[in-house]
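**Student:** Now for the letters of each chain:
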Amino acid sequence: MKGEPIVILLVEDDPAHAEIVRRNFREFRMANRLEHVEDGQEALDYLHRQGRYTDPETAPRPGLILLDLRLPRVDGLEVLQSIKEDPDLQSIPVVVLTTSAAESDMVRAYANHANSYLVKPVDFSQFLELMKVLGYYWLVWNANPL
Amino acid sequence: MTSVDIREKHASWIVFALFLVLAGGIIVAAKVYYDHHALHYREEVAFSLSAIADLKAGELLQWRTERLGDGSLFSGNANFCNLVQRFLFDPGNEENRERIRIWLLRTWSAYGYDRVFLLDAEGNERFSIPASLYPGSRIVAEGAREALHSGKVTFQDFYRDEHDRRIYLTVLAPLPFREPGPGGASGAVLALRIDPEQYLYPFISRWPVPSATGETLIVRREADSLVFLNELRFQAGTALTLRQPLTKTDLPATKAVLGKFGVEEGVDYRGEPVLAATRPVPESPWFLVARMDLAERDAPLREQVWIVYLLVGSLLGGSGAGVLLLLKHLRGRFDRERLAAAALLGIHQERLEMAQAIAHAGSWEYLPSEDAIWGSAETFRIWGMEAPPSGKVPFDEIAARIPDRERERVRASLMDLVITGNSYEVEFPVLSADGGRERIVAAQGILHRNERGEPEKVSGVVQDVTDLRRKERELEEKNAELERFVYLVSHDLKSPLVTIKTFLGYLEQDVARGETDQAAQDMTFLRNAADKMGKLLDELLQISRIGRMLHEPETVPWDELVREALDAVAGAIAQRGVAVRVDPVLLTLRGDRRRLVEIWQNLLENAVKYMGDQPVPLVHLGVGGHGKDVVFFVCDNGMGIDPRFAAKIFGLFEKLDGKSEGSGLGLAIVKRIVELYGGKVWVESEGTGRGTCFRFTLPGALQHSSKKGGENHER
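Protein chains in written order, with our numbering: chain L, 1 to 146; chain X, 1 to 715.
For reference, chain L alone in the conformation it holds in the complex (with noise of 0.2 angstroms):
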């Protein structure tokens, strides 16, 4: 674990769905600090420090990205391929967490270089379970350059 809190953007438009994954975060304290925008937009807009999201310390570059593909406005397949083409952002693992188990989104995602998908699973303790293993392997094992 690194000195430094690692900063997790995590784009969910369901605030339900938002409460759930800073939840576990919280429960498992493996981050130290979780942003959430609402829609791809924002998303964007964050990333290139634009709009809302000028400012650094408010918007720090993310170590992680937990992206969900039905978003309003920009879709999260637009924000993921936004991501990987830009040279200083494609560095970032994007993991995209949606509900959506169609083979066409999980093509369309590694066609655009997401990291991984993961299906958020409708029983509570795989939820959960899911959670804890991407907190660790993310956040923990998984290395990338800063």
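Simulated from the structure, these hints should not be mistaken for lab results.
Check each hint, because a few of them may be wrong.
[Claimed, not checked] Straight-line distance between alpha carbons at most 35 angstroms, and here's what the computed DSBU-like set of lysine-lysine pairs gives:
no., chain 1, residue 1, chain 2, residue 2
1, L, Lys84, X, Lys532
2, X, Lys494, X, Lys471
3, X, Lys478, L, Lys84
4, X, Lys680, X, Lys648
5, X, Lys9, X, Lys31
6, L, Lys132, X, Lys501
7, X, Lys501, L, Lys84
8, L, Lys132, X, Lys532
9, X, Lys494, L, Lys132
10, X, Lys648, X, Lys501
11, X, Lys478, X, Lys680
12, L, Lys84, X, Lys648
13, X, Lys471, X, Lys680
14, L, Lys132, X, Lys535
15, X, Lys494, X, Lys648
16, L, Lys84, X, Lys494
Once you have looked at the hints, place chain X on chain L.
**Tutor:** Showing chain X alone in chain L's frame:
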């Protein structure tokens, strides 16, 4: 050639062959009958001729026997012989002379001899009844000596008397003496002379039945020739005069003389062909010939031949007439069949044309030799052309109706078919005659070759697939939309489900731990998620109804539709304090009234919902454009929309603001209804905060338009 033609030809041949067989049969039967009849008839003639010859020969024999018998009466009479001896020794004895005279006179008169006379041993005539001027012939004298020598009654055959040049026969009866008389004479001879003219010749020439040429004759052989002994029917002075050499073997008489007896054809003394029966007359040097001309024999046959000819002719004529009648009947029958076939063909043609018209499919033929196309009525209708009377047009005329960009491709594929024989299946647009929308046609063809394998023609079908392609496209769109719909539903329904299950889990944990801090928040999430699901289900129901006409179409003025929509959203409008401006438009629409109202209702709801923090909210409704291009609009001065998201907003469950209460269904519904009426909907906005304009067309609902502008009023 049709099958009827072929059958008629066959039938005609069969009838003709039948006639030939019949005619042949008649002729052969007639010939067989005639030959049989002729043979039978000739046998009969030959038989009767033979019978005549037998009869004559028998009678001649009898006659001769009788004559010899006459002679024997005297030869065997010793008293008469004595009397003759005494008379010859003493010729002066009157008594003897008288007695002899009486004997001879009786014999002469009773038996019809020409002359009866006595010859002494030297052959001198000594007594004669009747008394003759001439002495007896030397031939008789010689014969008498021979007869006396042999002691038998003999015939002196036909001879010519050297004194009177007449022909006689003579029976010589030797009269032997008991003892030699003076001079050593051993006997005398009684001669019974016969004049053949008296009885024999008439007898010979007599014919038992009437006949034009029938004749019997007798001949005898003399050295290497034969001699005719009697007078002939067709030639005078023949007796003992006419001779023929024995080398003339076709003469029936020659055959007889040479010992060939029977009935045979030959050539007679006149050189005429004859049928002759030949016999020897027994105990004589004579041969008998009974003959008649072949011409006479065959005369009845010739008559018969004519009758047969007549019969055959009439039979042939009859069967010929029968055959002609049969042919005529057959031709009539085949004509009726042809008529029926033609009528059937007409019906089939009519049916085919009707089927093509119904199926929008035409048939055509391409003739490479003429570079022309023949087409059915429906083909030309599909091409938007007037069908020529011949049904045939040059290919270029057809090609002119294909847009420039496609013409070469179509022509090339047809040429490819003609050259390579590959299948031809091509789809291309065709310009409509009135300059309207292009139609899509699909053409298919196969190549026919002649017996030499050269391309002869291409026959194919052409089908108007415009509607088909449009429906296919629509179906594809529908399918894609359905797929997306299912995907979205599964996602959007699953999402609240995840929320519910997870927060239920948290609640359970809290309950187990006895912590209640978060319970209220958890339950709020649960309630919201459940509400969201309920709402979603309502909206799904609603969207499933779009696309179906629920009500009968009615005609509604535009301003009435707008007023109804405004009434439906009056609450929201009042709450937000939105001013509404409606342009005065005199326009009537026709369609499902409820659906049409929903368009404006949803757009108004949308406008009010995304009014943002506009202090003077305003909505403007009206119509722009004219004719076919009438465009409706609903404009507001609200939040506006980022042009980047403009296309996305009409998608199902799409919303630009995640926090807004809408489900993202309203604009999708608008799009559906507009498309139902063949229209389009789009959004115009100069950007965020600068208001939004929704514009749409409804060509399917426009009855007529009469627009009156310039006058605005506010509500």
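**Student:** Taking the earlier hints as the rules, which of them does this structure contradict?
**Tutor:** Result: no hint breaks.
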